[in-house]
Amino acid sequence: MEEDTSPVKISSTLNLPKRHKVLLTISILITLIGVLTLSLVLYTWDIGQIAKGVVLEIPLGQLSIEEAQWKLEQLKNGIYNRPVHFISDEKSFLINREELGFTYTYHESLQKAYLIGREGSIFNKAISKFKASWGITFKPTYQWNELVLAEDLTKHLSTLNISPEDAHFFINQDNSLQIVPEKLGKQVDIDALIMSIKNQSLNDAPIISVPFKVVKPIITKTDLENVKMSPLLSDYTTSFDPNLKGRTLNIELAAKAIDGMLLKPGEVFSFNHTVGPRTVEAGYQEAIIIEGNTFVPGLGGGVCQVSSTLYNAVRLASPSLGVVERSRHSLPVTYVPPGQDATVAYPDLDFAFRNDSEGYLLIRSRFNSNTLNFSIYGKAKKQS
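Read left to right, the sequence shown gives residues 1 to 384 (our numbering).
Simulated from the structure, these hints should not be mistaken for laboratory data.
Keep in mind it's a predicted model, so treat the numbers as computed, not measured.
Please note that the accuracy of each hint is not assured.
[Unchecked claim] Simulated restraints, written as ranges between beta carbons of each label pair:
1. Thr154 to Gly339: 14 to 24 Å
2. Pro319 to Val148: 45 to 55 Å
3. Val324 to Ala192: 20 to 30 Å
4. Glu225 to Asn199: 40 to 50 Å
5. Ile87 to Ser327: 35 to 45 Å
6. Thr274 to Glu90: 33 to 43 Å
7. Gly283 to Asn199: 22 to 32 Å
8. Phe295 to Asp89: 37 to 47 Å
9. Val324 to Val214: 30 to 40 Å
10. Thr334 to Thr222: 39 to 49 Å
11. His107 to Trp45: 50 to 60 Å
12. Glu325 to Ser375: 19 to 29 Å
13. Val324 to Thr222: 41 to 51 Å
14. Glu225 to His273: 21 to 31 Å
Even for Gly, the Cβ is constructed at its ideal location relative to N, Cα and C.
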């Protein structure tokens, strides 16, 4: 009996099951890759919707970009029109955010949200979309225009400001001086208010108490007490005819308007600004005035004697006072020496001088039956 010694036949028979295994494995792998690829294609297929899990102020997942824009536009309009409520004591103000200079934009963030699952390779698309499904948040861009905000707050809230009141003199019936103390003022603290507004949530309709800062007056009771103790710098007296009733009344009115006047260091005194227009409504009457080179009746005649008397008191207080503006009459007058007059005519001709002394100046006028006196009190300027 002969033995079959063919190695090829025996080897083929033994290796057949192994080939089947390899082929089966390859088939399975191909199938898995195909299924995976098909799944990725289907998962990343662009159906025009924002990826699930995306939040931009509100959930936007599975919305079209048009639907998302509509929702965000409604949200933006709601924020713009949601008022900020300012309160101060019993007053309140409602101002919407848009008017206050607030801007809110979402377009750039929405575009980034829309691109999730739409950029890169199919694997990158799938990975970014999968990560987003666990939740991803985008923020809109918003800011306050602080210049507009400050201007609008000032426009709306300026009525809440209370100006400080300087201490001043009150002239009693016996011609003595009584000091009326100063009063503090208050002003809306715009900087603090802006910080408070910016710290509020956009989703609220906030109620904000208006903050204020104290505004101090310039002249205090202490200043006036010191002025009352100041020495006399100068005084000057002129005479008038009390029988000229209209002229006498005009002198008295103008002199009283100046009496008790306090002048700060460096401040310029204006006769026309202090006395005001010489009108019938102010109580002035007709009396003789100089017009050109002629004496004629005119409203407020006699007022130039007041300005001239004051001018001479100022002249005697030099160098503590410096004349800024002064004009002479076109004709000589009898109540002061030649060349020492100061004519005024509202509003064109004025008499003005500056306080060049070391402190506050007090101007007192004294009107008697036939004389007018001006006295100036203060600290004399030191001679250089």
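Each hint tested on the structure:
no., hint, in the structure
1, Thr154 to Gly339: 14 to 24 Å, "52 Å, violated"
2, Pro319 to Val148: 45 to 55 Å, "50 Å, holds"
3, Val324 to Ala192: 20 to 30 Å, "41 Å, violated"
4, Glu225 to Asn199: 40 to 50 Å, "45 Å, holds"
5, Ile87 to Ser327: 35 to 45 Å, "55 Å, violated"
6, Thr274 to Glu90: 33 to 43 Å, "38 Å, holds"
7, Gly283 to Asn199: 22 to 32 Å, "57 Å, violated"
8, Phe295 to Asp89: 37 to 47 Å, "60 Å, violated"
9, Val324 to Val214: 30 to 40 Å, "34 Å, holds"
10, Thr334 to Thr222: 39 to 49 Å, "44 Å, holds"
11, His107 to Trp45: 50 to 60 Å, "26 Å, violated"
12, Glu325 to Ser375: 19 to 29 Å, "22 Å, holds"
13, Val324 to Thr222: 41 to 51 Å, "29 Å, violated"
14, Glu225 to His273: 21 to 31 Å, "27 Å, holds"
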